[in-house]
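Since chain A is already given, all that's left is putting chain B on it; use the hints.
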Amino acid sequence: GDSVTQMEGPVTLSEEAFLTINCTYTATGYPSLFWYVQYPGEGLQLLLKATKADDKGSNKGFEATYRKETTSFHLEKGSVQVSDSAVYFCALKGDSSYKLIFGSGTRLLVRP
Amino acid sequence: DAMVIQNPRYQVTQFGKPVTLSCSQTLNHNVMYWYQQKSSQAPKLLFHYYDKDFNNEADTPDNFQSRRPNTSFCFLDIRSPGLGDAAMYLCATSRAPQGSNEKLFFGSGTQLSVL
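Chains as they are written, first to last, in this note's numbering: chain A, -7 to 104; chain B, 52 to 166.
Hints are all accurate, no fakes.
Pairs of lysine to any residue residues, derived as SDA-like cross-links and limited to a Cα-Cα distance of at most 20 Å, are as follows:
id : chain 1 : residue 1 : chain 2 : residue 2
1  : B       : 68        : B       : 139
2  : B       : 89        : A       : 2
3  : B       : 89        : A       : 32
4  : B       : 154       : A       : 57
5  : B       : 68        : B       : 130
Selected chain A positions facing chain B (in silico; Cβ < 8 Å):
id : residue
6  : 33
7  : 36
8  : 38
9  : 92
10 : 94
11 : 95
Hints are computed from structural coordinates only; laboratory data are not their basis.
Cβ atoms here follow ideal geometry from the backbone N, Cα and C, with glycine treated the same way.
Chain A extracted, bound-state conformation (with noise of 0.2 Å):
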């Protein structure tokens, strides 16, 4: 089945560092992907999108493109700030499917 891969955390880095979180999938089809971001004591909430082959989601300073022929969707930040200390998910949802399959989840400190 459909399943998303990202890595292990704690992600921790100095304020103004480059953040890259990687995610990989596996699916059927072309699903959509995404990354929803969790600060603490909030819900998730999406930060961005790509829905089709070598689109780019960006947001916040946050970007990912949908990589195709390596199956992945990597979240990058040029430089990070304390604010942006939270929880991220990678998540796909296929293109015929109600369903939103999450990553495990990597946590992201960021120090001052």
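Just chain B, lined up with the frame of chain A:
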């Protein structure tokens, strides 16, 4: 401003004692979902309602039930909680169930502890 509201934020129950978690929404969305998220694991879909139609995932234990009395409210009932049911329970909504462009809106979750 909260659009998907879950109560309570923390719930403690005893082994075997029925417990109900609640979710309400102000978005007038047709679909409501319940996810279970155990520590350091991916959220896992338990079931969803599309309007009044209940859709159970094949691997959701019978111990978990749900009710949706109206568009705004959805409840998760755990009939006989076991220690393994301790988890964060996330409620989410969307306008329609299918389609890759459908955005899910999540509540803050209820952290369930079983003693």
